[in-house]
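Protein chains in written order, with the numbering used here: chain X, 1 to 418; chain D, 419 to 756.
Warning: the hint list may mix true and false statements.
Partial chain D-side listing against chain X, Cβ under 7 Å, derived [said to hold, decoys possible]:
#1 LYS531
#2 GLY561
#3 LEU574
#4 VAL590
#5 ASN591
Calculated from the structure, these hints are not laboratory results.
The C-beta atom is built at its ideal place from N, Cα and C for all residues, glycine as well.
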Amino acid sequence: MSDTAIPAQTPFRLSMLIYDRRYRSLTFQVIVFILVMAFGWWLISNTIENLRVLGKDFNFGFLFQRAGYDIPQPPIPYTSDDTHLRAAVVGVLNTLIVTVLGCIAATVLGVIVGVARLSNNWLFARLMTIYVEAFRNVPLLLWILVVFSVFREVLPPPNAFRGENATASMIFFDNVALTNRYTAIPTLGMTNDPGSLDLGWRITISWATIAFAVALIGGWLVHRAIANWAQKTQDQTGSRPTTWWMSLAVMTVPSLLLIWYFGLHLIPPEMKGFNFVGGLNISNGLVALWLALTLYTAAFIAEIVRAGILAISKGQSEASFALGISPRRTMSLVVLPQALRVIIPPLISQYLNLMKNSSLAIAVGFMDLKGTLGGTTLNQTGRELESILLMMGIYLILSLIISAGMNYFNSRVKLKER
Amino acid sequence: MKKSIFLGTVAAATLTAGMGMADTLADVKARGELNCGVNTGLVGFAAPDANGNWTGFDVDVCKAVAAAVLGDPAKVKYVPTTGQTRFTALASGEVDVLARNSTWTFSRDTDLKLDFAGVNYYDGQGFMVSKDLGVTSAKELDGATVCIQTGTTTELNLADYFKANNMTYTPVNIDSNAEGEQQYMAGACDAYTTDASGLAATRAAFADPENHIILPEIISKEPLGPAVRHGDSNWGDIVRWTLYALIAAEEYGITSKNIEELAKSSQNPEVQRLLGTTDDLGAMIGLDKEWARRAIAASGNYGEIFAANIGEQTPIGLARGLNAQWTQGGLMYAMPFR
Numbered sequence: 001m002s003d004t005a006i007p008a009q010t011p012f013r014l015s016m017l018i019y020d021r022r023y024r025s026l027t028f029q030v031i032v033f034i035l036v037m038a039f040g041w042w043l044i045s046n047t048i049e050n051l052r053v054l055g056k057d058f059n060f061g062f063l064f065q066r067a068g069y070d071i072p073q074p075p076i077p078y079t080s081d082d083t084h085l086r087a088a089v090v091g092v093l094n095t096l097i098v099t100v101l102g103c104i105a106a107t108v109l110g111v112i113v114g115v116a117r118l119s120n121n122w123l124f125a126r127l128m129t130i131y132v133e134a135f136r137n138v139p140l141l142l143w144i145l146v147v148f149s150v151f152r153e154v155l156p157p158p159n160a161f162r163g164e165n166a167t168a169s170m171i172f173f174d175n176v177a178l179t180n181r182y183t184a185i186p187t188l189g190m191t192n193d194p195g196s197l198d199l200g201w202r203i204t205i206s207w208a209t210i211a212f213a214v215a216l217i218g219g220w221l222v223h224r225a226i227a228n229w230a231q232k233t234q235d236q237t238g239s240r241p242t243t244w245w246m247s248l249a250v251m252t253v254p255s256l257l258l259i260w261y262f263g264l265h266l267i268p269p270e271m272k273g274f275n276f277v278g279g280l281n282i283s284n285g286l287v288a289l290w291l292a293l294t295l296y297t298a299a300f301i302a303e304i305v306r307a308g309i310l311a312i313s314k315g316q317s318e319a320s321f322a323l324g325i326s327p328r329r330t331m332s333l334v335v336l337p338q339a340l341r342v343i344i345p346p347l348i349s350q351y352l353n354l355m356k357n358s359s360l361a362i363a364v365g366f367m368d369l370k371g372t373l374g375g376t377t378l379n380q381t382g383r384e385l386e387s388i389l390l391m392m393g394i395y396l397i398l399s400l401i402i403s404a405g406m407n408y409f410n411s412r413v414k415l416k417e418r
Numbered sequence: 419m420k421k422s423i424f425l426g427t428v429a430a431a432t433l434t435a436g437m438g439m440a441d442t443l444a445d446v447k448a449r450g451e452l453n454c455g456v457n458t459g460l461v462g463f464a465a466p467d468a469n470g471n472w473t474g475f476d477v478d479v480c481k482a483v484a485a486a487v488l489g490d491p492a493k494v495k496y497v498p499t500t501g502q503t504r505f506t507a508l509a510s511g512e513v514d515v516l517a518r519n520s521t522w523t524f525s526r527d528t529d530l531k532l533d534f535a536g537v538n539y540y541d542g543q544g545f546m547v548s549k550d551l552g553v554t555s556a557k558e559l560d561g562a563t564v565c566i567q568t569g570t571t572t573e574l575n576l577a578d579y580f581k582a583n584n585m586t587y588t589p590v591n592i593d594s595n596a597e598g599e600q601q602y603m604a605g606a607c608d609a610y611t612t613d614a615s616g617l618a619a620t621r622a623a624f625a626d627p628e629n630h631i632i633l634p635e636i637i638s639k640e641p642l643g644p645a646v647r648h649g650d651s652n653w654g655d656i657v658r659w660t661l662y663a664l665i666a667a668e669e670y671g672i673t674s675k676n677i678e679e680l681a682k683s684s685q686n687p688e689v690q691r692l693l694g695t696t697d698d699l700g701a702m703i704g705l706d707k708e709w710a711r712r713a714i715a716a717s718g719n720y721g722e723i724f725a726a727n728i729g730e731q732t733p734i735g736l737a738r739g740l741n742a743q744w745t746q747g748g749l750m751y752a753m754p755f756r
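Using the sequences and the accompanying hints, generate a full structural model.
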């Protein structure tokens, strides 16, 4: 009699969905899934229903209609006869310009301030603390407006530069004028213009620009090769050849030759009519936005850098000092490279924040993506839903690109654990 | 079970949301308050005074509609809107009527799904410059920096005007009239452009209005009027005929002072119909008999409203011009009340 007691199979009951551990998690997942889907369905159907009641359709055809409005200083050729699509592209480019400029400046300033906050100089470290706290704890929009108002109220209007007894004068040998509208700087002129490369869509790049880019990048590559050769020689013979003059030569001589060949010269801005013409007028809106974004984001980056440095064990710098390495080189050769691994992941978030914060540009009249597609275009065409969705999509894509690039960089520098 | 109840609720909510848009009159009556979209602050047209009470030419249209519909001109909630937010505010139902010096254009009437109830001010776009600039005509503005409110018809007119005259300019995009004033006063732009009435109103608020001139060129037609959502014709009729009632009242000499007396004693059949002494016109638009009487009594007839807010006796000092009654050579013409 081998009646092994097989436990009777309990028949499935509905209550087991809640009380039986095997099913419970599944039950809740299904419920949550249904709720989320129902909410999404409700959002979409509500939108469709309301659009229907208003008698509006959903289409992006407006992007190909004539925009009809002007944008000050578009980075690519743009007139009011162009389409809303081109206006949106101008907006994207303006957003990118301020983002790139802001990220670079904020990183440089943030690293300096972050290191300075750890300085042994009491006064210097405290001043940096004040800077960080002041900028971290006041809304960015206020800083943008403050910087912009200061420019507007303190600097003279272009009028003041006019006439016999002008009350304001240009600086840097009459090359730069700071006004309350823009900073007028000289442009570059060429006596021997090689023409431009047409990229289509009315975007052109001067051959001179391409030539300079090639010269600089080529110079850099040769410099790297020279450095490698110097390292090799040092490894083999023990003495490092003097290479600084070779590097300097390959990096500058081609450019100098190109300057001579193209006959490059400065064309200073001059006061004519209402404004400075001939030069390049960088609007105060852009400068104020860039400066405020930089100062604001640098405060956060400074804290990240400080945290990264403090995360490196003190033994590292002590060991470095014991080897007789100077404090400055200790920081740049021992501490910072290790701190980078802690610094970069939160730095990515700051770059993303900076790009998204740049959408405050319209407060100072800078026409970024929010100002063109999400502002005037939205208003003139009345396509709120399409414009906002498109704008969200573009910001999302830009963010993902920045984040992908930074993640790649991070994977290069992070601690390799094998 | 749970799910079906939830979905049922959702469906019901969607349905009511959809239907709720259609009957603005019932909504306003149920709420007991009229939501009126106005300018964020343009002296003479719509601006809050020191005590926070809204006054102005557009505000009086709101008051007249509230008086006609709710019986009390004070039952208005003023929703300040910028050039950018106004039409969205109207389309989304945040406001019932938009009385915010908005230009009646083809695309706004059709593509934006608005209905303009009429014109309460015939305007045109002009330029204001500082006197010491030495400019006397808009044709001399080549190369100038011009302040312009984004999201307005003036932005498009400006681009067209400079292009047509082969001139260049640098636009400075601003968000509200107040910001435009600051920019202009600081010299951040050479000229400020908007509707000529808006320029006069802005200039009136300056400390030194005599140092600024409005150039003679009027570069566009800007018929300004109250707008409602497309699709609720009855509500559109109410706003349209309230506006006509104000205009007609001036034509027939009905003022806020003599209105009670005329309602009793006037022998003019047109006046009797308008004031509800004889026919019951109000019932045809879902209101009571005395709707127009209350609308006119709220701040007076069109002429009184004009004189009190933007007329020649006010700091803004606008002449009637195109906005005179048709009998005086102007364009103000109320359709017959019959």
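Hint check:
{"no.": "1", "hint": "LYS531", "result": "5 Å, holds"}
{"no.": "2", "hint": "GLY561", "result": "4 Å, holds"}
{"no.": "3", "hint": "LEU574", "result": "5 Å, holds"}
{"no.": "4", "hint": "VAL590", "result": "5 Å, holds"}
{"no.": "5", "hint": "ASN591", "result": "4 Å, holds"}
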